[in-house]
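Novice: Listed here are the chains, written in short residue letters.
Number of protein chains: 2
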Amino acid sequence: MTDKIITLPRSDMPTKWYNIVPDFPVPMKPVLSPQTLKPATADDFAPIFPMSIIEQEMSDQSYITIPDEVMEAYSIYRPTPLVRATRLEKFLGTPAHIYYKNESVSPAGSHKPNTAIPQAFYNKKAGMKRMSTETGAGQWGSALSFAGSLFGIDVTVYMVRISFDQKPYRKSMMQTWGGTVYPSPSDRTEIGRAILKDNPNTSGTLGMAISEAVFDAATHDDTNYAIGSVLNHTCMHQTIVGQEAELQMKKAGEYPDVIIGCVGGGSNFAGLSYPFMRDKIKGNKNPRVVAVEPFSCPTFTKGVYNYDYGDTAMVAPIVFMHTLGHTFEPPGIHAGGLRYHGAAPTMSLLCDQKLMDAVAVHQNACFEAATIFARTEGIIPAPETSHAIRVAIDEALKAKKENKKAVILFNFSGHGHFDMVAYDKYFAGQLEDYEYPSEKIKEALSHLPKVEAM
Amino acid sequence: MTDKIITLPRSDMPTKWYNIVPDFPVPMKPVLSPQTLKPATADDFAPIFPMSIIEQEMSDQSYITIPDEVMEAYSIYRPTPLVRATRLEKFLGTPAHIYYKNESVSPAGSHKPNTAIPQAFYNKKAGMKRMSTETGAGQWGSALSFAGSLFGIDVTVYMVRISFDQKPYRKSMMQTWGGTVYPSPSDRTEIGRAILKDNPNTSGTLGMAISEAVFDAATHDDTNYAIGSVLNHTCMHQTIVGQEAELQMKKAGEYPDVIIGCVGGGSNFAGLSYPFMRDKIKGNKNPRVVAVEPFSCPTFTKGVYNYDYGDTAMVAPIVFMHTLGHTFEPPGIHAGGLRYHGAAPTMSLLCDQKLMDAVAVHQNACFEAATIFARTEGIIPAPETSHAIRVAIDEALKAKKENKKAVILFNFSGHGHFDMVAYDKYFAGQLEDYEYPSEKIKEALSHLPKVEAM
Chain B
2 MTDKIITLPR SDMPTKWYNI VPDFPVPMKP VLSPQTLKPA TADDFAPIFP MSIIEQEMSD
62 QSYITIPDEV MEAYSIYRPT PLVRATRLEK FLGTPAHIYY KNESVSPAGS HKPNTAIPQA
122 FYNKKAGMKR MSTETGAGQW GSALSFAGSL FGIDVTVYMV RISFDQKPYR KSMMQTWGGT
182 VYPSPSDRTE IGRAILKDNP NTSGTLGMAI SEAVFDAATH DDTNYAIGSV LNHTCMHQTI
242 VGQEAELQMK KAGEYPDVII GCVGGGSNFA GLSYPFMRDK IKGNKNPRVV AVEPFSCPTF
302 TKGVYNYDYG DTAMVAPIVF MHTLGHTFEP PGIHAGGLRY HGAAPTMSLL CDQKLMDAVA
362 VHQNACFEAA TIFARTEGII PAPETSHAIR VAIDEALKAK KENKKAVILF NFSGHGHFDM
422 VAYDKYFAGQ LEDYEYPSEK IKEALSHLPK VEAM
Chain S
2 MTDKIITLPR SDMPTKWYNI VPDFPVPMKP VLSPQTLKPA TADDFAPIFP MSIIEQEMSD
62 QSYITIPDEV MEAYSIYRPT PLVRATRLEK FLGTPAHIYY KNESVSPAGS HKPNTAIPQA
122 FYNKKAGMKR MSTETGAGQW GSALSFAGSL FGIDVTVYMV RISFDQKPYR KSMMQTWGGT
182 VYPSPSDRTE IGRAILKDNP NTSGTLGMAI SEAVFDAATH DDTNYAIGSV LNHTCMHQTI
242 VGQEAELQMK KAGEYPDVII GCVGGGSNFA GLSYPFMRDK IKGNKNPRVV AVEPFSCPTF
302 TKGVYNYDYG DTAMVAPIVF MHTLGHTFEP PGIHAGGLRY HGAAPTMSLL CDQKLMDAVA
362 VHQNACFEAA TIFARTEGII PAPETSHAIR VAIDEALKAK KENKKAVILF NFSGHGHFDM
422 VAYDKYFAGQ LEDYEYPSEK IKEALSHLPK VEAM
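Listed in order, the protein sequences are those of chains B and S.
For the first sequence, the residue numbers in the working numbering are 2 to 455.
For the second sequence, the residue numbers in the working numbering are 2 to 455.
Some clues are possibly wrong.
Which copy is meant is left open, because identical chains are indistinguishable; a pair holds if it fits in one copy or across any two.
[As the list claims (entries may be wrong)] In silico DSSO-like pairs for lysine-lysine, Cα to Cα no more than 27 Å straight-line:
| hint | residue 1 | residue 2 |
| --- | --- | --- |
| 1 | Lys5 | Lys126 |
| 2 | Lys5 | Lys125 |
| 3 | Lys125 | Lys91 |
| 4 | Lys303 | Lys451 |
| 5 | Lys130 | Lys91 |
| 6 | Lys198 | Lys406 |
| 7 | Lys5 | Lys283 |
| 8 | Lys451 | Lys39 |
| 9 | Lys5 | Lys252 |
| 10 | Lys401 | Lys5 |
| 11 | Lys281 | Lys401 |
| 12 | Lys126 | Lys91 |
| 13 | Lys251 | Lys399 |
| 14 | Lys286 | Lys401 |
| 15 | Lys251 | Lys283 |
| 16 | Lys5 | Lys251 |
| 17 | Lys252 | Lys401 |
Keep in mind the hints are simulated off the structure, nothing from the lab.
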């Protein structure tokens, strides 16, 4: 019997993060300061990030050594298993080989600690007492609270109100690790109060929560901001996932034909796909790389590639990315982690360069896929992860129809233990499939910052 | 750096279950039929168990080969990691080495699938359409629903009402795997209706839920009963845990001085400890083996060693075990899986023979230990598991005081993702430490069956 679970010994765990930026076929456009609308300098970031993170954000080095303390904390749950989805293959009757990298094994239940741990480490080292952050579904806030507990640094989490209400136990989880959680928009920040004044019934967005967290950090000397996705350093920290997967796929004697991941800000999929993308850019291999997003927040499939603010209140840096506009307010779907108006600038560039594809899917189809997965492979997926599973199943069924072997690899980014209310609604037939109206997207896109592309 | 996580390749996974019964220094007392009060025959069990399970229950073989189909299903999550709790050791400043076997990595979140999987397999093979069972905290019902989905057999779960109310998402989890869940006592069985008539406000007990599940199976030809703990076959199925741990401890170059586990019915701790107990019985090694129970349900520390019914309504077999009496109704503590009036007959014999120790602990001290564990090792423990952690920490602090190295091994039987309400109450200072009054225990013990010990 072949191994279903392909482990990696601790001694083979990659010791460097991979930075894709120097390998890009075209240069990235600079990040702009929200105050000056000019290219941001390290000083512009200094009020909210430690210098080591700023250096990583702007780095032109291909590899950055992972500090010993981070390696030690990673080893709580890493290397994570690569799993061959043999039972799912059998259920589908497909000749495809389906592999998933199981990032749900971290204590926080997702890939998010891969960047939370180094961010907590660097901030502690820089003498910070506290980190502020936002969270959508709660995966990121959990991960940062967990990481904060490991390095002895306080964590304040602004949680998108709809998730705060839908998932009370995410809050309990963060508290167990010592984190402090507020629903966003909150009355704790000037920005939150202003948003609530205009729109007291808002269910919140990641954009609003980011505004509050950045403002909190910018106005407190002992506090920095930590972001869970989008920016270069978060994507880079996640490349430990793909580098491990490369070694594990080699152990399995295969190379993926298709690589799939769900995309909100983009970090989980960046983490899995960028090490393989390196082969693709260099022309050594040609895997198809597919980003999956919800129809209700279709950043890649309906957005524009342009400069935009990272947050609603325009306090976060302006980046060149695929975006639906920073005022875009997606419906309250259960994949809270995919409700972001923009996407990682690195991933946006790859999509623009046709090195990566993007597809949109509906949430009922995703929960159908998640249920099939749970009843074959066992693990109950997070709603976000179900987007990747949906497309992995579709690819496997295509291979069946064409009767050809295909090697499919996807990122099992998180489990759904704190999302059971969404499953209840799915089984009760109460989930809606939203498609965001074009005119509303057009309206949101009319608020992009007026800067020339540089 | 030494490996924190000690993995085991799939090829080294044990292929047989270990049956401790033939190694006992004294013979076990026979199980009695609740109808005749005479030693039960295979025929007495036939209405509720398949013959293969009955044979295992009564087996005098030391090893039983695990079927290929079960090995394949085990490999979804097995072998599980053995983890050195290096960060906890550092926090405590102890010279002790603390290891835990991480059974929380199964899709159901605990060790319970180790016996759920073979029971689902054997029942499917015997032509059953459905299995009925009880669940306390929800871990066992989840595991059986998961196992049922793997082999295509329906699962009906009677869930102790207090847990059903406290943990609605356990129900959702079981439903995601296709299980059907009712709060117990329910109005679906004659027995449930009778209990509700006498005591309409009861929060339920495992003893009552067992009665309902056994009755359901006994009155439906296409349905068998599955039990999550106590009986010999469940403890035997769990020995895959301890056999893996033996190999992993050997890889780490150590042998445990103390082996610790929480005990409700006893199966998780039997699974970890019996393979080591084999060494102890044979006199090759002399580890201290410590069963941990809650003060609120002190089966070993305050109960008697006697024949008793396994359930409240006296429909389950009568076994010789440590018991508080089958009418004992423990307070509604959060470690629902430890609220059983009896304990595994095999474990009871080991305690009676002084081969195993038992200690009782209070729930606030356990949640304190669980929080320390979450903030050092990362994983949030189930309330049941926190009992083992409390004593592991106490042993490590004793080693610190005595300034001597001790190798401590405990079973991390499950995670607490569905128990966050208990953590909320702990942090809010709302958890009570119950000690069950002696006169109430005396009263419950007055209802033991009137049979001579044979």
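Novice: What hints, given by number in increasing order, does this structure fail?
Specialist: 6, 7
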